[in-house]
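Just so you know, the protein sequences line up as chains A and B, in that order. Okay, so the first sequence: first residue is 6 according to our numbering, each after it adds one. Okay, so the second sequence: first residue is 146 according to our numbering, each after it adds one.
Mixed in with the good hints, there may be bad ones.
Which stretches of chain A does chain B cover? Using the computed rule of at least three CB atoms under 8 Å from a CB of chain B, they are [unchecked claim]: (1) 16 to 23; (2) 40 to 49; (3) 54 to 64.
Label-pair restraints from in silico Cβ distances [what the hints assert, rightly or not]: (4) B/Gly184 to A/Arg116: 36 to 44 Å; (5) B/Ser224 to A/Ala132: 38 to 46 Å; (6) B/Glu185 to A/Leu82: 42 to 50 Å; (7) B/Gly184 to A/Thr175: 38 to 46 Å; (8) B/Asp173 to A/Ser87: 22 to 30 Å; (9) A/Glu205 to B/Gly184: 24 to 32 Å; (10) A/Arg164 to B/Asp173: 38 to 46 Å; (11) B/Thr214 to A/Thr175: 39 to 47 Å; (12) A/Ser184 to B/Ser224: 45 to 53 Å; (13) B/Thr186 to A/Asn123: 25 to 33 Å.
If you are wondering where the hints come from, they were derived from the structure by calculation, not from laboratory data. Owing to the predicted nature of the structure, the values given are computational and were not obtained by experimental measurement. Even for Gly, the Cβ is constructed at its ideal location relative to N, Cα and C.
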Amino acid sequence: MPAPARSRPLKKDFFSQTFKGQKPVVFSENARPSTIPPHIRHLAWSSTGAALATTSGSKVRIWNPDRPNVKSSQELLGHVGSVEKLVWNPTREGEIATTGNDGTVKLWDVRVGPGAHNKAVPVKEIALGDGGLFLAWSPTGQHLVAGRRDDVIVPIDVRMGAMGNTEDLTMQEGRKLGSAQTNQMAFSNSGREVFATTGEGTVKVLDWPSMVRISSHIGHNTRLTSYIRHSSTHSTHIPAPHTASNTVLMATLWLSVAATLSSRSGTQPTGSASTPSQT
Amino acid sequence: MTGSIHCLSFSFDGTYICGAHGMDKDGDKGIHVACAQTGETVHTFDTTHIINVLAWHPLRYWLAYAGDTGGVKVIGLGSNL
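Between the sequences and the hints, there should be enough to build the whole structure, so can you do that?
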């Protein structure tokens, strides 16, 4: 499917009436859907929105939004445990990375097209050394950070890409962020920082790629923390052209994080941050 | 919204945030859409079950979510929204 055009802005006063009566389109794996909801662990649109990926158990499925039936979908087979996270390459449409309980990160290219029975196998993979919990792709598409169950963070170089060469992916030595659990990570839109959300209820901002901690932000209570945890994660899902508006959004949710980022955005960082690496 | 938020997503233009309670025992069903600037809730999409993952389309006001019966659902798909 070609990528659809961008929507015109919708004013908040008209939101409810605009969506009233909209019936959702259902993408079902079965011809006659059961009344028990299928356990779909994660889903993600490709960067142009031309494809929608879902994970359920050890399976990853790529749907064509134009054709909501399972015959028009593609199945990515290769994980032996449940898949925890999938991320699309923000710069190369069709490239997707997954991680899960089997402790691997797998790279797929859905443009290759499915093999027999609409099933595809991974193009490349790497063993993390423990179960994979989350993944984030840098805005340049050159790096992945993977989080393991034991809270070790592993940067992976994917500059070689999935296609066109036979070189393996390379993994840097993993590290822990202090003693706390790390639940999610996300890149800032500039790609110069990563955000990490921790079990102790803080959001940490780290320099990328040095992973040196710049600042730590404490939530008001557990509930707020879990909300913010995801806002920092998902905010980077905004496409690159919206970097500016995203900074505004970050400010409404996390003034302190926004202040940290803006203090680093000039040529001479003035905040408490360590000197950012420009590499 | 009350209860912990399990998933959330910004719309492509950064105007709206939607969230759901996923897997939280005392969580509510439905998807709450808030204006990102003011924080006010502008709409709630009703669902039969608790939603555990959702994502706005990167270019349109189309919202994909899972946790409900049938499979993945997409509100607004193919429409001019």
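Determine which of the earlier numbered hints do not hold for this structure and return their numbers in increasing order.
As far as the earlier hints go, only 13 is violated by this structure.
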